[in-house]
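Asks: Between the sequences and the hints, there should be enough to build the whole structure, so can you do that?
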Amino acid sequence: MGILIFALRRFLLAIPTLLGLLIVTFILANFMPGDPLARLLGDVGGSNPETVAAYRAQWGLDRPLWEQFFIYVGNLLQGDLGQSTFTRRGVMEDLLSFLPATVELGVAAILFAGIIGLALGSLAALFHNKWPDFLVRAIALLASGVPVFWLGLIALQVFYLQLGWSPGPEGRLSSRVNPPPRITGAYTVDSILSADSVAFWDSLAHIVLPAAVLGAFFLGLVSRMMRASMLDVLKAPYLMTARSKGLNTRTIAQFHVLPNALIPTITVVGLAIGGLLAGAVLTETVFSWPGIGRYAVDAAKALDYQAILGVTLLIGFVYVITNAIIDVVYAALDPRIRLGS
Amino acid sequence: MKKQIQVSIALACAALVALSGCATSNNNNAANDGAASADTNLVIGMALGDLATLDPARVLADAMQLVIPLYSDTLVDVNQDDPRQIEPALASSWDVSDDLKTYTFHLRDDVTFPSGNKLTADDVEFSLLRIKNVQGASAFKMGMVESIDVIDPTTIQFNLVGADSSFPSRMTAPYLAILDSKVLAENGGVSDETAVDTDTAQAFLDATTIGTGAYELSKWNRNEDIIFTAREGYWGDAPTFTKVTIRNIQSASTQRQLVERGDIDIAMDIDPDTAASLKDSTGVSVGSEQSYNLNYIAMSDTPANPQFKDLRVRQAVQAAIDYEGISAALGGNAPRPAAVVPIGFLGADQVDPIETDVARAKALLAEAGVGEFAVDVTFANVIWYGVSQQALWEKIKADLSQVGITLNLKPVEYANWIEGYRASSLPLTSGLWAPEDFDSSSYFDPFGREDGIYGKRTKMVFPIGQELYEKYLSEIDPSEREAIAVEFITEMRDHATLIPIIQPKKIFVYSNRIDNVKYSPDMQLRMFDITLAK
Chain L
1 MGILIFALRR FLLAIPTLLG LLIVTFILAN FMPGDPLARL LGDVGGSNPE TVAAYRAQWG
61 LDRPLWEQFF IYVGNLLQGD LGQSTFTRRG VMEDLLSFLP ATVELGVAAI LFAGIIGLAL
121 GSLAALFHNK WPDFLVRAIA LLASGVPVFW LGLIALQVFY LQLGWSPGPE GRLSSRVNPP
181 PRITGAYTVD SILSADSVAF WDSLAHIVLP AAVLGAFFLG LVSRMMRASM LDVLKAPYLM
241 TARSKGLNTR TIAQFHVLPN ALIPTITVVG LAIGGLLAGA VLTETVFSWP GIGRYAVDAA
301 KALDYQAILG VTLLIGFVYV ITNAIIDVVY AALDPRIRLG S
Chain H
1 MKKQIQVSIA LACAALVALS GCATSNNNNA ANDGAASADT NLVIGMALGD LATLDPARVL
61 ADAMQLVIPL YSDTLVDVNQ DDPRQIEPAL ASSWDVSDDL KTYTFHLRDD VTFPSGNKLT
121 ADDVEFSLLR IKNVQGASAF KMGMVESIDV IDPTTIQFNL VGADSSFPSR MTAPYLAILD
181 SKVLAENGGV SDETAVDTDT AQAFLDATTI GTGAYELSKW NRNEDIIFTA REGYWGDAPT
241 FTKVTIRNIQ SASTQRQLVE RGDIDIAMDI DPDTAASLKD STGVSVGSEQ SYNLNYIAMS
301 DTPANPQFKD LRVRQAVQAA IDYEGISAAL GGNAPRPAAV VPIGFLGADQ VDPIETDVAR
361 AKALLAEAGV GEFAVDVTFA NVIWYGVSQQ ALWEKIKADL SQVGITLNLK PVEYANWIEG
421 YRASSLPLTS GLWAPEDFDS SSYFDPFGRE DGIYGKRTKM VFPIGQELYE KYLSEIDPSE
481 REAIAVEFIT EMRDHATLIP IIQPKKIFVY SNRIDNVKYS PDMQLRMFDI TLAK
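So the sequence lines, in the order shown, correspond to chains L and H. Under our numbering, residues 1 to 341 are what the first sequence spells out, in order. Under our numbering, residues 1 to 534 are what the second sequence spells out, in order.
Bear in mind the hints are in silico, worked out from the structure with no lab data behind them. Take the hints with a grain of salt, since some may be wrong.
[Claimed, not checked] Footprint (simulated), chain H over chain L, 3 or more residues, beta carbon under 8 Å:
#1 76 to 88
#2 154 to 161
#3 167 to 179
#4 277 to 290
Cβ coordinates follow ideal geometry from the N, Cα and C atoms, glycine included.
Replies: So, in structure tokens, the structure goes:
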């Protein structure tokens with residue numbers, strides 16, 4: 001089977017998964033106890049039956065559930081996720097305005113955890129059962145074992161309050177720095193694009209600690225996985241062959257050890273992205289980071305069905321698509337997968 | 001391969017070096033480089049989670065009480081030291097007809113909007129009718145208004161549905177903001193009766209402020225911060241700070257850290273425990289002032305607990321609660337009014353609250369013959385102005401267990417709680433009321449009448465409330481009004497359906513860089529009085 005056919009089949013299979021996600025999420029959101037208009041109309045406004053009826057009609061909440069579902073799906077196909085009852089803006093508009101901050105934080109966390117995790121994992125494998133190995137294993141255990149909100153609070157206590165090395169949990173920029181003009185919505189990127197060094201260094205300083213905290217779990221996972229798979233590869237017969245051919249250590253590492261050891265690690269990376277998004281909810285709360293996580297919490301508090309649906313679908317979509325991509329990459333790296341053996 | 005990596009690293013380094021050198025060529029942050037600009041920038045940390053819009057017609061939210069007065073004004077204002085006194089604002093004076101049904105306001109003629117348009121009576125009519133007809137959360141503020149007549153560009157007349165001696169006080173609510181009607185109409189604003197379906201101005205108002213206030217919106221980064229800058233041409237005194245930034249910091253502990261490190265100037269949501277731990281701190285000051293917010297409990301007539309229909313059972317609950325113990329747990333010295341009208345409001349200071357008396361409570365229950373019984377208490381699991389409702393109910397549960405009433409506590413999300421409360425399905429619950437205007441009628445109306453919002457919910461408000469309410473609104477003589485208010489509050493106390501528990505203090509922690517940080521009854525914080533420390 002060619003890689004293209006494999007990829008096509010894999011992405012087609014994602015469609016029923018997404019549809020299932022949509023149906024389950026829609027039903028769950030609509031059966032949540034509580035009235036979404038409560039927060040919108042306030043204690044007093046919501047006590048007037050006429051006002052409540054007018055708003056129900058306006059938001060389509062007076063129609064039967066199945067009708068609401070088909071209207072929702074119809075709108076969804078046109079890229080319309082409905083209107084948030086809390087912000088009264090389009091949910092798509094809300095998601096697009098909050099997503100860049102989460103993506104920025106998530107990419108920084110993956111970079112942090114990926115680079116350091118791979119390096120630590122490789123180091124541990126190369127020094128198997130020696131002190132660097134023990135140290136890396138201890139770090140990995142701690143990093144993946146500590147709850148993210150607790151780690152966030154401790155990191156702030158140490159690096160912000162005690163040492164003063166990091167900015168505080170005040171979001172993406174200091175209050176005395178103006179944000180760069182919005183191009184991508186990610187401040188580090190936008191400040192480079194607009195050549196604003198003040199905003200760049202300030203936003204970079206603000207992202208380091210939350211990215212490290214969010215990436216910690218991931219770091220533990222990647223380094224342990226990398227260590228284990230590298231140990232397997234180092235024992236493989238084809239390495240003996242490579243060595244006996246007279247290849248130097250560097251060539252062996254670059255072309256034989258790393259690509260083979262990376263395969264299982266990449267699968268772990270894909271699966272961890274879902275966990276990363278879940279961790280973002282807590283990290284964003286601790287660091288006052290204005291991303292999807294904060295939006296999700298506010299939406300849940302306000303019983304804002306449309307927003308909750310939008311966030312859930314987005315996270316589900318990212319998760320399903322990332323897994324599909326990982327499967328394709330996996331198949332590309334390892335022909336045995338696509339050949340079905 | 002090696003060469004490619006080296007080239008990439010060299011390019012990245014060059015980009016960073018270039019970026020460092022670009023600071024002078026970029027104007028975006030040039031204004032922030034000097035220390036002088038930091039002096040005139042005020043940074044406030046508070047939970048902005050409920051700030052959904054800047055459109056005053058749409059939502060009532062704590063954050064909006066602070067934000068709206070930055071960019072807009074009302075016809076009249078409250079005196080910050082004594083909010084019962086009404087002061088001129090956009091209206092320099094006002095007259096009232098003998099039957100108290102017609103109010104005429106005379107506007108200042110030196111007020112302009114950011115667009116340069118001059119304030120006229122048309123702006124007042126458009127803004128207030130829009131609030132009424134959009135039918136959003138603040139529409140009830142215009143409930144007494146039957147029609148509005150523009151007499152001339154600086155004179156506007158309100159015709160009310162009935163006599164209302166408290167009308168000028170009602171007009172101080174920050175939500176009744178006067179906006180630039182021409183600009184508003186050009187951007188989707190509608191004021192006639194179709195507004196509920198046709199008004200589309202919210203998106204515009206979320207991006208542009210068009211009020212007569214001292215500040216203009218610079219940028220609202222939703223969920224992150226909201227930034228205002230002082231505007232040219234403001235009709236009042238120029239504010240001390242040329243820039244005000246309100247950062248969305250949810251937790252009290254984070255606000256505390258930021259204010260201690262000097263990253264924010266004022267932390268707004270500090271609980272009593274955190275405030276107590278900061279007493280010896282040198283870099284910050286703790287302000288703790290009496291608020292007008294009131295945390296109360298409400299009993300309702302429900303099939304599950306018919307016991308509460310008996311006045312003696314309600315009075316037993318009232319007598320069994322250890323108010324002193326609750327106050328002590330919250331830092332002490334918090335006053336407790338006799339009924340759901342806070343201390344500081346007309347008449348509230350003159351009626352003594354019921355004291356704790358467990359023996360009396362037991363006697364009342366024995367007299368009622370209800371025996372021991374259990375009640376499900378569904379309440380919003382929130383912290384209201386430093387009062388954790390969970391902790392409050394744990395204490396009341398312990399108090400009531402002494403007289404044979406068992407409480408089953410059921411904390412729920414706010415939205416779930418309010419739904420049950422509105423449906424009159426909660427036999428016993430707690431609520432909070434933070435006033436937007438400062439006449440006792442704003443409590444008599446919802447809490448004291450059978451047809452008031454809470455009268456309908458509890459189904460147990462005394463029948464003479466309506467009569468007392470109308471009598472109060474028809475009286476303009478201050479001493480007569482006070483006498484009626486005292487009578488009303490005494491009735492409310494003795495009826496014991498709604499029992500005030502505590503009027504918590506408002507606590508803020510602020511940097512020693514600033515001074516004169518005080519509580520504002522209508523804005524939470526007297527933004528315009530804050531100065532730089534000498």
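Asks: Each of the hints needs a verdict: does it hold here or not?
Replies: Cross-check of the supplied hints:
1. 76 to 88: holds (count 3)
2. 154 to 161: holds (count 3)
3. 167 to 179: holds (count 12)
4. 277 to 290: holds (count 4)
Going down the numbered hints, you'll see the structure goes against none, and every one checks out.
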